[in-house]
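Asks: Keeping their order, the protein sequence lines are chains A and B.
Residue numbering for the first sequence follows our numbering, beginning at 140 and increasing consecutively.
Residue numbering for the second sequence follows our numbering, beginning at 3 and increasing consecutively.
What the hints contain is simulated information worked out from the structure, not anything from laboratory work.
Idealized CB from N, CA, C, for every residue including glycine.
Some hints could be false.
[To be verified] Which residues of chain B face chain A? A partial, calculated answer using Cβ under 8 Å:
no., residue
1, His21
2, Ala24
3, Asn107
4, Cys114
5, Lys134
6, Ile137
7, Arg139
8, Phe150
9, Arg168
10, Gly172
11, Asn201
12, Gly209
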Amino acid sequence: MSIPNEPPITPELVAAHGLSDEEYQKVIELIGREPSFTELGIFSAMWNEHCSYKSSKKWLRTLHTTGARVVHGPGENAGVVDIGEEQVVVFKMESHNHPSFIEPYQGAATGIGGILRDVFTMGARPVAAMNALRFGAPEHRKTRHLVSGVVAGIGGYGNCFGVPTVGGEVEFDARYNGNILVNAFAAGLADKNKIFLSEAKGVGLPVVYLGAKTGRDGVGGATMASAEFDDDIEHKRPTVQVGDPFTEKRLMEATLELMATGAVVAIQDMGAAGLTCSAVEMGAKGGLGIELDLDCVPVREENMTPYEMMLSESQERMLMVLHPEKEAEARAVFEKWELDFATVGLTTNDLRFRILWQGTEVANLPIRELGDEAPEYDREWELPPPPAAPERNLPATDIAEALLALIGSPDLCSRRWVWEQYDTLIQSNSLQLPGGDAGVIRVEGHPKKALAFSSDVTPRYCEADPFEGGKQAVAECWRNLTATGAEPLACSDNLNFGNPEKPQIMGQLVGAIRGIGKACRVLDFPVVSGNVSLYNETNGVGIPPTPTIAGVGLLDDWSKMARIGFAAQGELILLVGAPQNWGTHLSQSQFLNHLHGLSDGPPPPVDLTCEKTTGDFVRALTRKGITSAVHDCSDGGLAVALAEMAMAGDLGATIDPPPGNTPAASFFGEDQSRYLLTIRPQNLESVQALAKAQSISCQLIGTTGGDILKLGDARAISVARLKEAHERWFPRYMGDN
Amino acid sequence: MKSALIQFPGSNRDRDMVHALASVSGSAPALVWHKETALPDTDLIVIPGGFSYGDYLRSGAIAARSPIIEQVRAAARRGVRVLGVCNGFQILTEAGLLPGTLMRNASLKFVCREVLLEVANNATSFTHAYKKGQIIRCPVAHHDGNYFADPDTLATIEGNEQVAFRYSGGTNPNGSINDIAGVFNAEKNVLGLMPHPENLIEPAHGGTDGRALFEGVLEMVEA
């Protein structure tokens, strides 16, 4: 494929670049003339939704983004949070949805590559990864292929790079049939005083290109990711990049080695919109111009045009501004790792973004305006009132049967098939693997500290009530971290929505951001990084609103860390933070959704004050070494949570009959802010007294022991039978047995 | 104990191995870049796991042609102990230092899980701290761990007690012939295995079954 260099600029060409008439007029006003083809491409790359956040910026500004531990919030490659003793955790979650649907293996692989690069670009060595995946209905003809390709792509890249995957989510819903979601998270560790930023400083300094060569892959990718899909989407395959984790691994080692030499002034990885976005970012942030000579760019294909070079999304590339006196030293590091190293330009004081090619200037644009003056929209939005709770007359439920059906259902069954394809152990620091409440790793080199990671959102809640759903996503993430005994530090938000030009979709985005903002404020859980993915629509139908929240927590002593599995016979099971009848809220539950096909009514509300008090109480008990197991109650309610604890510990339990006469609501209601704990009998009195003093509900509901799970008056189920039901669905669906 | 660890571009369990060696022996190994043409004086050479050269061509194939491998070969001939784990095992078979080959897993998928290993031969400097027939836990994490050898080679390996570890209790994760998880050379001073003993050496890892392998070598060296 070769794009002719200078076709005339026609309205069709402008539209094909995703720019509206008004946006194109703004381009002409800014530069005072018609743009060249290369310039049009550059504007398209910088002003698309993916890079400019033009629809979401107004609302993102309302989020809670600061705090005592926040070193760098949104706006850098990743968020940076203080974990004490001069160390920081650097993390972000980012989507790679559109490419992963078109080409699942490479789309997902390069999503992992991109997020890892964001982390080590800041000087941090990646120590943990997670991914939140949403696929279409299991019976849809493409789903199996997409699951297989995405999981293999994530494993293929992350395993080779050498980062443990410690957690994530996998869900199925027909509404993702045409737009799957691949949200990738990475976290790294760095010294607080050795963080690198993209802001260029100093005039006349060399701009250096590092890493892999530039090819034609991914040309126009960011623009593609800002458009809706139709039935011809397969034709977009050439806009998907191809990943090379081996090069990425070398790029990381070389980058970290180079940073240690003191040569780096500014650094930016080439992600979406490649060379364009990275150069503009470094210049605009530093108040400097950038001049690039494309004849110096290492290329792997012949006859590449400036347009193609500027818009290529070839992977595993970096742009840096270096101290000139250290250039030789820097070059030696990159040559050792057998990577390209080329001086491709310099910083200037004229605030222009100038591109030279074969001796002629093919672009000359104001650099600040490319970034800062990107169009920003206050889009029309409407948010219908949340649905009222419907009257229901449910048939009597066989609790045991319902539990077996739920834990064996596509959304609640074991994800072992998925995570056994990820290296969860590399780096030798993994303390909790996928399958628990949160993934936990040791902080390397520290005797006690550990970090916990969790990724959460419940799209059906967000659809029914975006505000409550946004709150719930944050609260559940905070709760999962708390359940390990960690102090939740901060989070990254990955907002996946449909077409924001539709007021009802924009309303979902506004509602969810407000909910996230509220919850983050009350829980003091700031958003320090994130990403917005809009236009997740096919043939005019959008995905359910899916604001994924990926959070990080800190354990000061991992020897006190809690796990979800029942730990010993004869321990007492406490339900903390629950209403009198244990559970009440069935609307939007997995129970009604999966077993009764009902998806009406409001989601469970989150009382954030109660969430905080309850969580703080549970964490304090864990840190004192009083809890022997802790698990939050979420999807599937109390019964599913108890089953998960039994399966993880390979130990049964006997649960009392619940109070009241609505056992289905008690066992399957999805009321929020609840935890299950186990403690030794001698601690009961003191724990209940502590709870009472803080007005926290803390009910004794049963005892661990034996090899069966008995829920009140329901038929007992053996733990072996639970496991069989839980483990069966995924491998069978994927055709493994 | 003096140990040396060979690093290739794409090695990624090198840090895990450094940690394990340091933890057991009290001293970190010398790091040797693959382009070096000399080895330091050492009691043990370790080739760690990872994806040397991205597993391009065949896993281990390109690394096996690195300059340093000639030195490893010469050292092995002199009787220096050589341990290759995962990608290190693949490199040693590609270099001809160990018999057989490692094919793509029978499932065609990468697999990371804990398996059970039976200690098939404990009369070696690597395995003497285990009992013969002992069943130990150990994690695996690989895409190309399906051990294969032609019938004659297999007969030699089995006859000469060159099998170090076998997957046990139905946990063979990759389709390896005769459940073989690790093999020695004929002289038993070179060991390659797919599982990662370095990832199970302290309570934080959930167990310490891998530790005896390193302790065993240390004991032989110090003796």
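Asks: Compare the structure with each hint and give your call.
Replies: Results of checking the hints against the structure:
no.: 1; hint: His21; result: holds (6 Å)
no.: 2; hint: Ala24; result: violated (11 Å)
no.: 3; hint: Asn107; result: violated (10 Å)
no.: 4; hint: Cys114; result: holds (5 Å)
no.: 5; hint: Lys134; result: violated (27 Å)
no.: 6; hint: Ile137; result: violated (19 Å)
no.: 7; hint: Arg139; result: violated (13 Å)
no.: 8; hint: Phe150; result: violated (22 Å)
no.: 9; hint: Arg168; result: violated (21 Å)
no.: 10; hint: Gly172; result: violated (13 Å)
no.: 11; hint: Asn201; result: holds (5 Å)
no.: 12; hint: Gly209; result: violated (12 Å)
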